[in-house]
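Those protein sequences? They're chains A, B and C, same order as listed. Take the first sequence: its position 91, counted from the start at 1, is 984 in this note's numbering, and no numbers get skipped. Take the second sequence: its position 175, counted from the start at 1, is 605 in this note's numbering, and no numbers get skipped. Take the third sequence: its position 269, counted from the start at 1, is 279 in this note's numbering, and no numbers get skipped.
Be a bit skeptical, because a hint or two may be false.
Stated by the list, open to error - Simulated pairs of lysine-lysine, DSBU-like, Cα-Cα distance not exceeding 30 Å:
1. C:Lys-150 <-> A:Lys-1197
2. C:Lys-209 <-> C:Lys-99
3. C:Lys-78 <-> A:Lys-1021
4. C:Lys-323 <-> C:Lys-46
Hint data in this document are derived by calculation from the structure and do not stem from the laboratory.
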Amino acid sequence: MLKYILKRLVMLIPVIMVTSFLIFWAMSLTGGDPALMLAGDNAKPEQIEQIREELGLNDPFIVRYGNYMKGMITGDMGQSYVTKRDVFKTFMERLPNTLMLGGAAVLIAVVVSLPLGIYTAIHQNTWKDTAGMIFALFGTSMPNFWLGLMLIILFSLKLGLFPTGGKGGLDSLVLPAVTVGFGLAALITRTTRSSMLDVLRQDYMTTARAKGCSEKQVITVHGLKNALIPIITAIGLQMSLVITGSVLAETVFSWPGIGRLVYDSISKRDIPMVTGAIIMCSILMCIINLVVDLIYAFFDPRIKAQYSKKG
Amino acid sequence: MAQPKEIKNQYKKRTLFQETWRRLVKNRGAMLGLGFLVLLILAAALSPVLFNYEVDVIGQNMQERLMAPCGAHWFGTDEYGRDLFARVIYGARYSLIIGVGSVLLGLVVGTILGSQAGFHGGVTDSIIMRGIDIFYSIPNIMTAVVIVSLLGPSTVNLMIALAFSCASSFARIVRASVMTIRDQEYVESSYAMGLPTWKIIVKHILPNCLSPIIVQITLLIGTTIISASSLSFLGIGVPAPAPEWGALLSAGRGHIRDASYMCIIPGLAIMFTVLALNLLGDGLRDALDPKLKK
Amino acid sequence: MAEEFVLDIKNLAVHYETEDADVHAVNGIDIVIGKKRTLGLVGETGAGKTTTALSILNLVPNPPGVIKSGEIYLEGKDVLKMTPTELEKMRGNDVAMIFQDPMTALNPVMTVGDQIGESIAIHQNLSKKDAFEKAKEMLKMVGIAESRAYDYPHQFSGGMKQRVVIAIALACSPQLLIADEPTTALDVTIQAQVLELMKQLIREKEMSMLLITHDLGVVAEVCEDVAVMYAGRIVEKGTADDVFNHMRHPYTEGLFDSLPNLKERGEELVPIKGLMPDPSDLPPGCAFAPRCPYATEACSQAVPELTAVDGSKTHFVACSAYRNPEFSLRGNKDGR
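Same shape as in the complex, but just chain A (with noise of 0.2 Å):
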């Protein structure tokens, strides 16, 4: 097992390096003089130059990209154009507020959506199950920016319970959870609701029943720990979307968080900070991957047996 995860890990490299390749190449013909930039308005042409001869900006493409890779290393992703400070650095410290508040989402979406979806696969073709259903429906037709706005409107300025924005104490983090999490909530809730239908019905579940479990045994017992096996999966495919969520939520919330980050320096161009956070953003969905696939490994043992043999 430890065999496999080190083996996925590995496997990292040439993601990485093609995903980061990708995103240079793409950033570097954006255009914008960034010596320009750091020379400021007044500068002469010859501070120009020389700001170029030291980013190394006059290197034919592979150097610069072979430069940028050796850093990458090191953990020097060169720094912004913006604040002047470490590229990598300020990602970093900007990265746990996103993962606090990522994190929350999850929490929030899975503690709502699982009973939810439970309770209307039992009660299917009831109105408990139309109402979840619409529940889901609504939540996933929304766009989770405007759910922000919303939110606002209601419980910050009208009911003024919480604040607008910023990252204070636990309270600032509720609207921006629920902000992400209500999307995912309203997605995990359809996925358990179609996997528990289906194990419902699985000979399985009448085995159970017919050796005396009572009807709360064959359901969580039996029924859930078969049902979270594409559950899990569901939501490993969804974390991108609570990345894409944090941008937004971040962005609508003032949240300091690497979505606003991402946000921030697209608007002022900031192109080493856009390539460097992009380029973590895609590591950290590949590590958030390979998360969701041990756990999912713990839930199946048919799948727990292959990676271990693989291995």
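Keeping the supplied structure of chain A fixed, place chains B and C upon it in accordance with the hints.
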């Protein structure tokens, strides 16, 4: 012996389209969705006739700025005095065009990639699928950001950017379908008869994955519309002063305290459009394969 | 009176009420099984056998299944009137069921030992650990190494999976075992092994068994009593000797005729003409009449009742033809 006649009745033929339509009509939600979409498309198509772009949509009228919804302005006005109703209706054009355009573009690219991967298997398959996995792992906003930065902000570029994630979706579906059918005998015999690969794909393979593709199209248009509006909200989508719904919300954000209707209404437009698409998509899924429903 | 029998089904009728149609799966059947007796319930697919079996455990899925009438006495108590708690106590403990497809009957994410042990833990009030130990003993009883209790179902072959299913069923030594086509999904050689195992265990534990099957060979191997089912009704019942050697119902005759004769290999196969009727649209009167070579007008007018054959206490047949005392089946004319 009434048997032959009874048997004939049992197997009375209906085309797939008629069967699907018959089942779809029974679904009230899907019909509601379809109705809304038809109205929306009509409104979007007719908007250049109903409104004069220069005057109504982007023309500024500072005297009437920031008026709440009333008789003269059903949806109120924005900070430049522009009638929000006109802007929202006109904005439907962008959402629909971008939504449909991206998805169709993604469909074509995805089908090509997926069928190549599924049909040839081996190295081709690995390369294509790893490529798709990489794109999938980067949040689609990020890819869109990169592409739009690269190509510059415009409606077409936005469509191209959003087509990427659509393509990944379709590639997966087509590939799975191709792989199940590829080894079946009627494909082998077509191959043996000398039919070119692309003809085999179009004639035999595509019809078999038609159902999931149709459903996916409807659902993806919805998510694409949301993504497009998200990007416009962030300022990297459709450039100003286009009244794209996301852009309207971005503008509204500045006035969240004094003119909150600017934040509410365009969002409702997005939500109802996507809701209609989802209802239709779900209805299609049930209608195309009723076994799945139970 | 009811205490004599382990199982006494009276006039059971079960319908499946779906959007499209009303399926009359079981239409008024009576079955009794005495202590230590084995009854084979024979019939083609769609005859209503599985529904009958599920009804005994009150596990007919509802919706869409509805029990329209009947009483099912298991050791004197009516299953259909039990509360959920009573049912949970009874299932697995007093009556157990083996399902047809061992591939899907086992929970893929639970070890085999846990699945057997679950039944033991519930009914014998043991801790999970103790139950697991007992589960190992059960595995030994069905011929599987004890160490395999820690394995998952996907690690077993089809025949072994079915043995596990048997182990689960017999773990709490129930009075009655219901086996629904237990060997149909298995290879022929494995079939024999599993049947032998079942016969042996039933004898050892002094259990009764209701064996559901469409395979007459299996019935001959294992069962003392036989009931033939067609379109949700019992058309003939009696001891194995009665039904195999002195059959009376045209359908039974058709079943035996359609068996390929292994000795005379050049012979043509003799199928029964036509198809089993659609259970949502049963013909009036005797359901077999449209296919019956002996049918008359009278057959389609009323559903025939089960009547005793020649005054027998065990052998009954439901066929209007026997109102004519001269009537006998083609095969029987030869004096069988």
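Evaluation of the provided hints:
1. C:Lys-150 <-> A:Lys-1197: holds, 27 Å
2. C:Lys-209 <-> C:Lys-99: holds, 26 Å
3. C:Lys-78 <-> A:Lys-1021: Distance of about 28 Å is within 30 Å: holds.
4. C:Lys-323 <-> C:Lys-46: Cα-Cα ~19 Å, so holds.
Taken one by one, the earlier hints all hold for this structure without exception.
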